[in-house]
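Build out the structure end to end from the sequences listed, making use of the hints.
Residue numbers (my numbering), protein chains in the order written: chain A, -9 to 218; chain B, 2 to 248.
Keep in mind that the hints were calculated from the coordinates and are not lab data.
Some hints could be false.
Said to hold, decoys possible - FRET-style restraints, in silico, Cβ to Cβ: (1) A/Lys24 - B/Gln235: 45 to 55 angstroms; (2) B/Tyr75 - A/Leu33: 34 to 44 angstroms; (3) B/Lys66 - A/Leu29: 46 to 56 angstroms; (4) B/Asp222 - A/Lys24: 32 to 42 angstroms; (5) A/Ala90 - B/Arg141: 23 to 33 angstroms; (6) A/Ala90 - B/Gly27: 40 to 50 angstroms.
To be verified - Just a few of them, taken from the derived set where beta-carbon distance is under 7 angstroms, the chain B residues facing chain A: (7) Arg85; (8) His86; (9) Met90; (10) Pro99; (11) Val113; (12) Tyr198.
Glycine included, every Cβ here is placed at the ideal spot set by N, Cα and C.
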Amino acid sequence: MGTVVLVLLSSLLAIPLGLASGIYLAHYATGSWKKWFSLAVELLAGIPSIFMGLFGFALILFLRKTLAPQANTCLLLSAGCLALLVLPYLILMTQTALEALPHELRLAGLSLGFTSWQNIVRVLLPAAGRGILSGVILAVGRAAEDTAVILLTGVVANSGLPSGILSKYEALPFHIFFLASEARSDVELAQGFGAALILLMLTAALFVGAYYLKSTFGKAWNPKNLLI
Amino acid sequence: MLVESLHVGFAGREVLHNLSAEFYRGQLAVILGRSGSGKTTFLRAFNRLNECFPRSETRGSLKLKLRGEWRDIYQNEMPLPELRHRVGMVFQTPHLLPGSIADNLALPVKLVLGLPRRDIPSRVEWALEEAHLWEEVKDRLEAPAHTLSGGQQQRLCLARLLALDPEILLLDEPTASLDFRASLKVEELLLTLKERYTIIAVSHSLSQARRLADEALILRDGSIVQRFSREDLQAPDTLQVLLEEMF
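And the structure:
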């Protein structure tokens, strides 16, 4: 349950921001500002996940010494750090998918009198849906499996269901890591294998669902079909 | 329509040089010229679509009489979306929107005109009839638009324009990607439309210009070098001039 809440929360934080940034880079940013923004995204993509965890941990230490002495590592902090980790995938996939659309498609809506925003939302985003969906799936999958970030930002070995976004929580990847390294009996080790199997199935279900969505979406919105 | 000292360039390279011309309501003007002479750029100047290309620059004045009022479109006297729906454009190849035949008409009508949902089907039917397409597609309005033939797609694009109630039609070689029969159908349609709309068309075909045009302009290296009236176009010695200019 902890994993599901964590993935949902980090997706809620990362997906809107990632899509908006991708649209901005593909359609609005120009010149050196675009160059610097793209460089920042690429740098963010290159940061190892343990650094993201350390960033979250340092942030909490900073908050405790300054604005919020009661602040502690929690589900929200993990979700925020995971969102930062997967944000570059979302931005780059959205930007690439939008930039790969034929220029003619962009002109079609604009020449009819659509506003720039109407053109993006009603014509270009649906047409680029396949690529964007790939980015979302990749991001969600990455968020579900990462251990290094949550290790330093709020996950614990045994907390039951999370009571709120500011509480500690359990997550499958850490549970597997914990049991693999600290198992004291065959039963615990078997539990670890079971948890790994569940994580594997969860991720597989996610990818199968994504593949299905992609193929149905792709048939409806294949850009090759949009222009003769 | 009044074009005065129009200059258009991209990335510092001027494509149209100091163009001046007038176009009259209810007439079909054809712009002729070799490839690269600036015909499409000139056409796109009328709905400011050149601005969708990187580093475009336009100087000069282009005044259009829209809804009875003169507007200089480069003095920002009109919002861009409104200008583009009043001055509709059909491209060389059909630029379809995603979705079905009906979606291609309904979406612009809904977004641009803001028609209530109940009025959209009648508007779609009217526009398809105007484009002489209704009989061919009335039983498959929900089929994907890309399943239509090239000629039908081009007429769908025209229907989409007409549904938005434009005043000026810009046609960029609308029959370039069509076979002879499909071209003839589009030409017949244009002949009926020119009575109600001001039409400016780019064409590569001399015979098409002679069949359709009330006036023809020859563009060479971004400048207008000749103008011909309908009578001039029918004269045998004009053909020689046209052939020399275009080939």
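Tested hints:
1. A/Lys24 - B/Gln235: 45 to 55 angstroms: holds, 54 angstroms
2. B/Tyr75 - A/Leu33: 34 to 44 angstroms: At roughly 41 angstroms between Cβ atoms, leucine 33 of chain A and tyrosine 75 of chain B fall inside 34 to 44 angstroms, so the hint holds.
3. B/Lys66 - A/Leu29: 46 to 56 angstroms: Holds, since lysine 66 of chain B and leucine 29 of chain A (Cβ atoms, about 49 angstroms apart) stay within the stated range.
4. B/Asp222 - A/Lys24: 32 to 42 angstroms: holds, 34 angstroms
5. A/Ala90 - B/Arg141: 23 to 33 angstroms: Holds, at about 30 angstroms.
6. A/Ala90 - B/Gly27: 40 to 50 angstroms: holds, 43 angstroms
7. Arg85: Interface hint status for arginine 85 of chain B: holds (4 angstroms vs cutoff 7 angstroms).
8. His86: holds, 3 angstroms
9. Met90: This hint holds: methionine 90 of chain B lies near chain A, its Cβ roughly 5 angstroms from the closest one there, short of 7 angstroms.
10. Pro99: Since chain A brings a Cβ to about 5 angstroms from proline 99 of chain B, closer than 7 angstroms, the hint holds.
11. Val113: With a closest approach of 4 angstroms, the valine 113 of chain B hint holds.
12. Tyr198: Given a least distance of 16 angstroms, the restraint on tyrosine 198 of chain B is violated.
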